[in-house]
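Following the hints, complete the assembly by docking chain B onto the known chain A.
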Amino acid sequence: MRIVYEKSGGFAGLRPARKAIDTAQLSPDDATELRRLLDAARFFDLPAKIDQPQMRDAFQYNISVDTGARQHAVSITGEPQDPALKELRRKLEKIEA
Amino acid sequence: MCDQQKICFIIPPHILRHLSDSARGDLKERIQQSMLLSHGLRVRRNTFAELGLAAQAVGELNRTVYDAQNMENVHGVVVRSEGDDAIGDPTVNEAYDAAGSTYDFYHQVFARNSIDNKGMRLDSVVHYGDGFDNAFWDGREMVYGDGDGRIFNRFTLDLDVIAHELTHGVTAYEADLAYSGQSGALNESMSDVFGSLAKQWKLQQTAKDADWLIGASLLAEGMHGRALRSMAQPGTAYDDPKLGGRDPQPAHMRDYEDMTQDNGGVHINSGIPNRAFYLAATKIDPNGFAWEKAGKIWYMTLTTRLNTNSTFQDCANATYLTAGEQFGQNGAEQQAVASAWSDVGIDVDRPTGAMIPAGIKRPAARPPASKSKKPKKSAVGRKPAARIAKARPPMKPKRRK
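Sequence lines, in order, name chains A and B. Sequential numbering from 1 applies to the first sequence in our numbering. Sequential numbering from 1 applies to the second sequence in our numbering.
Chain A on its own, in the form it takes in the complex (with noise of 0.2 Å):
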């Protein structure tokens, strides 16, 4: 599973930073629980963007899957208010791709 993470945007607007993850190339630790977070998070259930309308000078996080069987890219703005992708985000922000 491939999975890509950006963060971009905030006040500092600073150049948008990549992370390119390889599942197969990670601990089994970490593939688990990030599995274990996707489920959790629905996803590939989630709609393309996830916007707070009124929000200014928010991160943007784009998230995208590619199990090979199935794709899936997830826009959001500001920190996710769902727990479970929230969390997903954060392990996504501290793992080493």
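It is worth saying that the hints were derived from the structure and are not from the lab. Using N, Cα and C, we set each Cβ at its ideal position, and we do this for glycine too. Some hints could be false.
To be verified - Some chain B residues close to chain A (C-beta under 7 Å, calculated; not the full set): (1) Asn134; (2) Asp138; (3) Leu228; (4) Gly245.
The following block gives chain B in isolation, referenced to the frame of chain A:
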């Protein structure tokens, strides 16, 4: 009905609204005052909006600072209210003081009474999150992180940053520039323009003496950079691997970046209109105060001529028209504005002759985003659309890059 999203009144809101609506003069004011002032609890602004009270001026300046106590929510505890003495926490005092300076700047320079021009409360949330590297406007309040201390310092250090966030509120009540692509970059640029002007005004600096930097105190010690953005020289504010390399802002349309991230590069491409403003101000008079002429042209443009879908070209044309209207057709100011935009790769469309009211904005090219949560325009101090301006020809959207 007493969850965190809704405020609980002993008297239901619809009854208070009825009382407030049906009362007259002094009584009406007292009902509203008591509603606004009697709560020791955390009061939600959307509840006031529902009650139609958010826009009621209850004094000229009404600041409250909340401490999120390093949690990620905007329901902090009140730590300083309007008129309170400074407290021991510099972050709180910075947010309070800079909100006041920004209010004073808008009030004294543009005769604007707060974000909505009707005395809206200025709420700030500090210590948001744990080492949070950002500041944002959430549609109701300004929210500041403490920074991680390694890359970023706390986000309350610079007046221009705080005025930037507050200006997002002003823009939402005026042109309501959609937050993506060119209109989004204009939204960002307006926040930088008035952010920098608030600082210049506070320091009484001429255009030539101002640093034109955004966030000059935000980079932690040891970082390679002067600030997060330079309006005078976009793309030169920093160069540090911890910030992803070099400042990515373009200074000219030929370097405009179409991108999917950052809402279509709103914090990136804002470098182009930022530099146009800097050039206009310094061409008009380097020894003058930028807020007096260039600032007035941009403010009038934001509040009377731009709309949700405005492009850079629209903004260039609108500032050109406004400059002629405010300071004379073909005058030095109008020529400076045209020259400034030309220097960043945008040639203004010169108007041809027919007359249309300035207050009529171009119809939206696409349906505006859902307005359900937006402040009602009727609650906003719309200016009468009485002024007349020369019409411009239909806009030819230019292909960018």
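Now the hints, each set against the structure:
1. Asn134: Holds, about 5 Å.
2. Asp138: For Asp138 of chain B, the interface hint holds, since the closest Cβ of chain A sits about 6 Å away, which is under 7 Å.
3. Leu228: 5 Å, holds
4. Gly245: It holds, given that the least Cβ distance between Gly245 of chain B and chain A is near 6 Å, below 7 Å.
The structure shown violates none of the earlier numbered hints.
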